[in-house]
Amino acid sequence: MGLQPFLVLSSALFCIGLFGVITRRNTIGILLGIELMLNSVNINLVAFSRFNGSVAGMVFTVFTISITVAEMALGLAIVILLFRVRRTAMADHLDLLKG
Amino acid sequence: MDGWLGVLIMLVLGVGFAAVMIGLSVLLGPKNPTPEKLAPYECGMPAVGDARERHSVKFYLVAMIFLLFDIEIAFLYPWAVALRDLGWPGLMQIVTFFMILSVGYLYVWRKGALDWAPAARARNALRRGPRKAA
Amino acid sequence: MFNSSFDAVVPMLCVTLAALAAMGAEAFRARDEKMPIGGLGIIGLVGAGVACALLWNRNTSSFGVIVADNFGLFVTMVLVIVGILTIMFSSQVLEVDNLPRGEYYALLLFGIAGMMMMATANDLLVVFISLEILSLAVYVLTGIRRDDPRSTEAAFKYFLLGAFSSAFFLYGIAFTYGLTGSTRLDRIGAFLAAQSMSDNPLILVALGLLLVGFAFKISAVPFHMWTPDAYEGAPAIVTGFMSTGVKAAAFAAFARVFLSAFEPFSQQWVPVIWVLAAATMILGTVVGVAQSNLKRMLAYSSIAHGGYLLVGLVAANQIGKAAILFYLLAYAITNLAAFGVIAMLASSNDENEELRDYKGLWHTHPALAAMMTVCLLSLGGLPPTVGFVGKWYIFSAAVSSGYYGLAVIGMLTSVVSVFFYLRVVVMMYMSEREGPEPVRPRIARMGMVALTLSVILIFYLGILPTRVLDYAAESIATIF
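Taken in sequence, the protein lines are chains A, B and C. For the first sequence, my numbering begins at 1 and goes up steadily by one. For the second sequence, my numbering begins at 1 and goes up steadily by one. For the third sequence, my numbering begins at 1 and goes up steadily by one.
This is chain A alone, in the form it adopts within the complex (with noise of 0.2 Å):
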C-alpha cells in the first residue's frame, strides 16, 4: 500500500472536523471537531515517518497526542466554567465582547 491512501484519509478527517468546527453550536460539538482536526495529523505523521523510514515522526505523535489530551482537558474545563457563570453551552448565546 503506498502513502497516498493514508494522506487522503488524514486529510479526510480533518476536513470532517473542520466540518464540525464550522457548523457545530454547541460548544461540545466544536471541540470535538477540533480534536479531530489535530488527531488527523497523527495519521500523517505516522504514514510519513513509516514512508520517510525515520523515526521522528512517530516521537512526534506521541508529543501530539499527549498535547492534544491537554488541550482537550483544559478546553472541557473552560466549557465547564462557562457553563456554570452563563448556563448555556451553545456558542452563539456567546455575545457579551462585540466591538
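Derived from the structure by calculation, the hints contain no laboratory data. Beta carbons: idealized from backbone N, C-alpha and C, even for Gly. The hints are all genuine.
Mimicking DSS-like on lysine-lysine, the simulated pairs with C-alpha atoms at most 30 Å apart in a straight line are:
{"hint": "1", "chain 1": "B", "residue 1": "111", "chain 2": "C", "residue 2": "34"}
{"hint": "2", "chain 1": "C", "residue 1": "34", "chain 2": "B", "residue 2": "58"}
{"hint": "3", "chain 1": "B", "residue 1": "58", "chain 2": "B", "residue 2": "111"}
Rough simulated footprint, nothing fancy, chain A against chain C, three-plus residues with beta-carbon under 8 Å:
{"hint": "4", "stretch": "136-150"}
{"hint": "5", "stretch": "173-180"}
{"hint": "6", "stretch": "229-242"}
Here the structure of chain A is known, so what remains is to put chains B and C in place on it, guided by the hints.
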C-alpha cells in the same frame, strides 16, 4: 509462519471453549425467566433509573486529571524500549520528567481536587453512618 | 549529564524552576498565609537574564533542537523584561481582584518558559510543544477571573481559535516533515535549497498551513478575529502580557522558520506576507479609530503593530531583521506599560476601561496620566520615544529593499493611529468628567516603580538607541 501456529491454536481453543460452554448452557440449562433475572446485571444491586442520567461535575474533574496523568505514561514506553541504549542519562531524564509531573500531582492532591466531596462533608457523612442506598 | 549541551536551556530552566516552586508553594500554603511568590518569579527571571548575558555570543545549542544564538537570546531578554514588569504590575491586580496568587504566578512563569523555548527552538517539534505550553498557560490566565462572564467568554473564544489554529499549524508541520524528512530547521533549509518549486508543489501546502498557524498567533488580518474579544475580556494585565510576550515569542519563531528553513522559497511567501502586512496595518488602524473601549482600542492597535513587524519580515534585509528585534523590544515595553496603567486603575467590580472613564484623569492621578501619555505617544511613534525609532528603522528597511508601497501604507496608518492615541490624551487632560468619579483602587507602589522604569526605558531607547540597535544587529548576524 511457524511462530504464529501456537497463537492460532491458542485462539481456536479459547474461542472454542467459550462457544461450547455458552452453547451447552443454552441447550441444557433450565429456563424460567422473571423480571429480576432479565434486568441487566449491576453488581447485584437492583438497577436504578436510566444510564444516561447527569453526573456531578466532580466526576469530570477527576476524569480529566486521570486522563492527563494517564497520557504521560505514554512517554514511558519509548523510554522502556530504548532503556539499554539510553543508560543512565536516560534514567536521569525520565526521573526529572516524573519529578516535574509529581509537583503537578502534589498540587492537585493538596488542593483537594481528588476528594470526591468536600472534606468536611465526607467526615460528617461518616459520623452519621452510611446512608441508605437511594 | 551536566555537560555543555544543556547550556542553551539554562534560561528557561531558571523560569521553569521558579514556576514549579510557585506551584509547590501554593500547594502547601495555608489558607490565609501570604507568600512572596511574585518575588520568587522575579528571582527566576533575573536568573534567566543573567544566563542570557553569559550565553551571549557563545552560540551554544542543546542537541541541535534548541539553539541559544544571539537572536534567540535577544528575544529571551525581551521576555525577561516583559515577565519582570508583568509581575511588578500584577501584585496590585491580584490584591484588588482577589485572584488565586500561586496559580497566577505559576501559569505566568510557565508561559514565559514556553515563550523562551519558542524563541530559541530550532526544531518544528519544539516549536509546536512550546507554542502549546505558552498557549495553554495564557488561555487559563485569560479566564482567571472565573466568576466574570466576560473573562470566561474571552478564554473560551481564545481557546477555540487557538486550538483551531494549532491544528492547521500541526498539519503544516506534518507535511513539511513528510516532504523534507526532518523537523530540524537547518536540515529543512538545506533540503529545500537543493530543490526547486517544480519538484514538490506540495511544499506550498505546507508553507500555507504553517503561515496560517503563525498568522493566527500574531493576530494578522484576516486571522485576527479572536484578538479584540480575548484582549477585552482578559484582565488588563494579562492582556498586556499576552499582547507582548506571546507576540514576541510567536514572531521570533515565525522569523526563524521562514527566514532560515523556508528562505529558498521566499519568492513564494514574500508576496503573501506583503498582503497580510498591508491588511493588518490598515484594518488594525481603521477599526481601532471606532472603538469606545480603551482595552479594545489597544487590542486593535496591537494588531496594527503586528502589521509593522510583518513589514520588517517582508523587507528581511540586514536593517529589516535588526529592526524586527528592536521593534519587538520597543513595542513590548510600551504596550505592557499602557496596559499596566489600565490594570492599576481597574477596581474589583468595575474595570473602568471605557474611554469616558479616562476623562479628567489628569486631575485625580496626574502621575499616571503623564505616564500613560508617554506610552500612547510611543505607541503612536512620536519622537523622542522608542516607538519613533522602531518605526523609523522598520520603514527605512522597507524602503531600502524597494517595498515603497508598504512603507507608504505604514506611514499613513501611523499618522491615522496617532489620532486615536491623542484622543485618549486629550480626554485625560482637557475634558472634565461628567457624573460621579469612578471608584478607583489605591495605587500600589510596586506598580508605580514598574511604570517609572518603563517610561525611563521608553525615553532612553528613544534618545540613545544605538547601543541596543547594535545588539540587535549583532543578533541577526549569527543566523540567517
